[in-house]
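Chain by chain, the residues run as shown.
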Amino acid sequence: MKKLTIPEEEYMLPGHTACLGCGATIAMRYVLKALGKNTILSIPACCWAVIPGVYPHRNLEVPLLYTAFEVTGAAISGIREALDALGKEDVNVVGFAGDGGTADIGLQALSAAAERGHNVFYIMYDNEAYMNTGIQRSGSTPMGAWTTTTPGGKKRMYKWEPKKSVAEIMVAHHIPYVATATIAYPEDMISKLKRAKEIKGPKFFQILSPCPTGWRHSPDKTVEVSRLAVQTNIFPLYEVINGKYKISIKPKNPKPVKEYLRLQGRFRHLTEEEIAMIQKNVDENWKALLKKERCSQEEE
Amino acid sequence: MRMILTGNESAAWGAKLSRPKVIAAYPITPQTSIIETIADFIANGEMDARYIRVESEHSAMAACIAAQNTGVRTYTATSAHGLALMHEVLIWASGARLPIVMSVVNRAMAPPWSVWTDQLDTMAERDSGWIQVYTQNNQEVLDSIIMSYKIAEKHNILMPTMVIEDAFILSHTSEGVEIPDQKDVDDFLGEYNPAFKLDPDEPAGFGSLIMPEGPYMEFRYKMALAMEEARNEIKKVVEEYNEKFNRSYSPFIEEYRTEDADAIMVVLGTIGSTAKDVVDRMREKGKKVGVARVRYFRPFPADEMRALAKKTNMIGVVDRSYSFGPGADLYAETKSVLYGYANIPVKNYVMGLGGRDITPQILEKVFNDMLSIAKEGVVDREVEWVGLQGDKRWS
Numbered sequence: 001m002k003k004l005t006i007p008e009e010e011y012m013l014p015g016h017t018a019c020l021g022c023g024a025t026i027a028m029r030y031v032l033k034a035l036g037k038n039t040i041l042s043i044p045a046c047c048w049a050v051i052p053g054v055y056p057h058r059n060l061e062v063p064l065l066y067t068a069f070e071v072t073g074a075a076i077s078g079i080r081e082a083l084d085a086l087g088k089e090d091v092n093v094v095g096f097a098g099d100g101g102t103a104d105i106g107l108q109a110l111s112a113a114a115e116r117g118h119n120v121f122y123i124m125y126d127n128e129a130y131m132n133t134g135i136q137r138s139g140s141t142p143m144g145a146w147t148t149t150t151p152g153g154k155k156r157m158y159k160w161e162p163k164k165s166v167a168e169i170m171v172a173h174h175i176p177y178v179a180t181a182t183i184a185y186p187e188d189m190i191s192k193l194k195r196a197k198e199i200k201g202p203k204f205f206q207i208l209s210p211c212p213t214g215w216r217h218s219p220d221k222t223v224e225v226s227r228l229a230v231q232t233n234i235f236p237l238y239e240v241i242n243g244k245y246k247i248s249i250k251p252k253n254p255k256p257v258k259e260y261l262r263l264q265g266r267f268r269h270l271t272e273e274e275i276a277m278i279q280k281n282v283d284e285n286w287k288a289l290l291k292k293e294r295c296s297q298e299e300e
Numbered sequence: 001m002r003m004i005l006t007g008n009e010s011a012a013w014g015a016k017l018s019r020p021k022v023i024a025a026y027p028i029t030p031q032t033s034i035i036e037t038i039a040d041f042i043a044n045g046e047m048d049a050r051y052i053r054v055e056s057e058h059s060a061m062a063a064c065i066a067a068q069n070t071g072v073r074t075y076t077a078t079s080a081h082g083l084a085l086m087h088e089v090l091i092w093a094s095g096a097r098l099p100i101v102m103s104v105v106n107r108a109m110a111p112p113w114s115v116w117t118d119q120l121d122t123m124a125e126r127d128s129g130w131i132q133v134y135t136q137n138n139q140e141v142l143d144s145i146i147m148s149y150k151i152a153e154k155h156n157i158l159m160p161t162m163v164i165e166d167a168f169i170l171s172h173t174s175e176g177v178e179i180p181d182q183k184d185v186d187d188f189l190g191e192y193n194p195a196f197k198l199d200p201d202e203p204a205g206f207g208s209l210i211m212p213e214g215p216y217m218e219f220r221y222k223m224a225l226a227m228e229e230a231r232n233e234i235k236k237v238v239e240e241y242n243e244k245f246n247r248s249y250s251p252f253i254e255e256y257r258t259e260d261a262d263a264i265m266v267v268l269g270t271i272g273s274t275a276k277d278v279v280d281r282m283r284e285k286g287k288k289v290g291v292a293r294v295r296y297f298r299p300f301p302a303d304e305m306r307a308l309a310k311k312t313n314m315i316g317v318v319d320r321s322y323s324f325g326p327g328a329d330l331y332a333e334t335k336s337v338l339y340g341y342a343n344i345p346v347k348n349y350v351m352g353l354g355g356r357d358i359t360p361q362i363l364e365k366v367f368n369d370m371l372s373i374a375k376e377g378v379v380d381r382e383v384e385w386v387g388l389q390g391d392k393r394w395s
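Protein sequences, first through last, are from chains A and B.
Under this note's numbering, the first sequence has 13 at position 13, and the numbering climbs by one with no breaks.
Under this note's numbering, the second sequence has 252 at position 252, and the numbering climbs by one with no breaks.
Be careful, since some hints might not be right.
[Claimed, not checked] Listing some non-contacts, in silico: residues in chain A with all C-beta distances to chain B over 10 Å:
#1 Arg58
#2 Arg116
#3 Gly134
#4 Ser218
#5 Val223
#6 Gly265
#7 Leu270
#8 Glu293
[As the list claims (entries may be wrong)] Residues on chain A that point at chain B, a partial pick, calculated with CB under 8 Å:
#9 Leu65
#10 Leu83
#11 Gly87
#12 Leu107
#13 Ala112
These aren't lab readings, by the way, just hints derived from the structure by calculation.
All values reported here derive from a predicted model rather than from experimental measurement.
We put the beta carbon where it would ideally sit given N, CA and C, even for glycine.
Pulled out of the complex, with its shape left as it was, chain B reads as follows:
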């Protein structure tokens, strides 16, 4: 079945097809239409789930944790301040090894108030122990939710997952989306099989006090191992999904015209589709540029990034957030995994914060800057903010 859906409706469809039994929902722009669509599904009898209308995102995640620990699949969705409010319990969810799947619609953090897209909210949770997958179109939003349940619920993984979409560019924009058959999704996902649960017949305690000599450190180590193991499962599940549902997702990094590229732009989310269009135009002019769209930020695709660097003379990393560290997050991590593997210039382009438009014209200028760095072999500056008011260089 093919439908015209917004990114948020696609997320709601992805959740519906995955049959979570408990949904905990709290509104926040630009996520709200996900939970509204799910409310409609339930009200119309199209979806069989308990719907807890909590009083905060903190409680949304807490209720999902408790429900999932009781032995059912759960789902919730949030954005920006809602995600930040959840921070404490995000770490609880991953530490408790509960494979919760949550949609996050990227939105800027205040002040000043801004509801538009910006990736600071999810980047600030990069250490929370959640798998993070960034999407580029509404089809990928829907498909990634289904795939995420399958990956997260594997008993050798048991890590919660954020399926991330850009505010408005996806959340409120309609596209044609192929809806998989429920039966096929049921076959693909199977019944939820919890690794452990709260059960009066087998009483156990979850999350009790532990001393420094107790296995706290070992629990964290097992999480680290599971996040590593997730690389294998992501690869397997994405391939299986591609096969079963006739899709063509790259597991970790979607590469576009990178084979002989002098410079490759590394991006997340919807910037990828704009950049691909710009690449086509520049290739027509004989400029050899390519795009690598990172899908999974956690686990970070280290091997794939190193292989990418072998194909080119320069990498420009676009970040739609800033971290006040050595450049923004995608840049810092890219550079970190390349250290000792590839001796090529890497530059950080910080742009599009607070939803400022990232136009093909700006990206073309960035590509040209990247090409001149590729030619000279040195970076003029490590971090560059692109498109600031009054800066004529990029406008």
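Next comes chain A alone, as it looks inside the complex:
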């Protein structure tokens, strides 16, 4: 039998205040397992500003700086430079922010931090909407989704714009490491984090983290939804090291995206035509990713 590569150490203790089946909580657990005790976290306004617990309780065994919503990029820059000034270059500095705090309100600070090249991790746990405030559309909400600010109604006001590709935006910053990951593939996520740990400079992770409350699926389906996101190619797993793309998992027979959509109440209104449109979008994005991988490898 193959031995598990997930570290046994726990830095996230039981007793968090997240919803049942929260993907973001699983993401944090793996991130800390991979990076270890010598880590400082910075968390803006997001679900994870609440999940550690109410003062004076906290379920994390690493130091944690809570910050304003839009400042994660600036905060991790400040922590990193202060640590380096103090000669503590071995401490991992990790910004852990939601998709709203990353793709929308925090994009400016993230972009600047990446461009300046600080030796930091930025982890976007992507639950595809403002979940802490109660399921409002973000730039990272996927095409076709219901949210409380894209509620449907007579005019079918769902979110029709494509999901913003934050990982690709980060690739365009020419940083040394960009990766996508999701909680159904912990060994993939942890091996990527460990690889990134050896790289000096900005490291960006986009971790798809299903949210049963907002995605309207049963809490026991979190891992299944996460796995289907990869198996349908709607959220491909890949890494980009110094501009070179490497797709982590290439499903031999990708499942129809419909299987992923039908598990989630946020897509229940979709017509067959709309699902076909989303399928087309997924196929095009996947082809484009394959092309990027081929082109960047050919440059060798």
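Assemble the complex: chain A is given as a structure, and chain B must be docked to it using the hints.
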């Protein structure tokens, strides 16, 4: 060592001598030459600090907060729109009890665009929990930065501080400035000793969620107490600095010829030096006027203001901003602390907005207006805008 420095170069020197380990910098007129001078210091190896060239003032303050919370002294500088953009994180810095010191070069807020001096930017942050010290000359700019670190970093204070200078009148005007020896400043300030910090060996969380029954209210109360306690520390530190560096700063209010004054003009910043000159001329004519230049607006010098009112028959408060409340800020607060303590007329003179020149001629007319109010014992109007276009009364 004596050098010819602009206000902004003086600020950069004050920062350099205080040895912050992290600087977060973003340009804005008229502050920019502070961060440029600091960049030169670092580039020339004269200053050992990490210099984060952030993409906004909001990020400048956010980076300072995070760095200071990691256990190092920090510095930044801004003006007007930059300060307004920081508003959210200014409140974060004080709430997190981080003794950050920042230079603010007073500048008008748009629209219409104006880069000239006006105090609306700092007055709009009077409730942000920052200590505010207003300066009158380039020497005071430099010295106040050093003193501010010492006051702010005391573990019974831990409140961030704005050291404020007028745009162009100080920021871009050169004066002779005495530069203290680095060794003396090192002795005076000591190594930064954080009260708490982010440390993997002692993991703690800073700024977590709190319920209404949790100590949110108590945290705010402790800030209020610290701001009160700052009065004592300001007094002690200013006296210590005066002694060590041969200066003569009054801690809270610099009084000039107030002892037997029929009317006293209360001002902030560089208006003080113009007003003192006018006082001398008027005294020669037998007119008994004086000036009180307020240095600390936060904490507000209530006791000193009450003592001042006991010396005179009338107070005229000059504001270089307007607040759309019961007069402008310095006036409203002055009148508020005098209520029940001094039954003398107090009048607000709003002038110099958007950098409009405050000339000795205008101030002399204001003093004369104050003297006639002192004589009659009643104010003709509570708030008067002085020097509006076409108003012949003051020109």
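Quick check: which numbered hints come out false for this structure? 1, 2, 11 and 12
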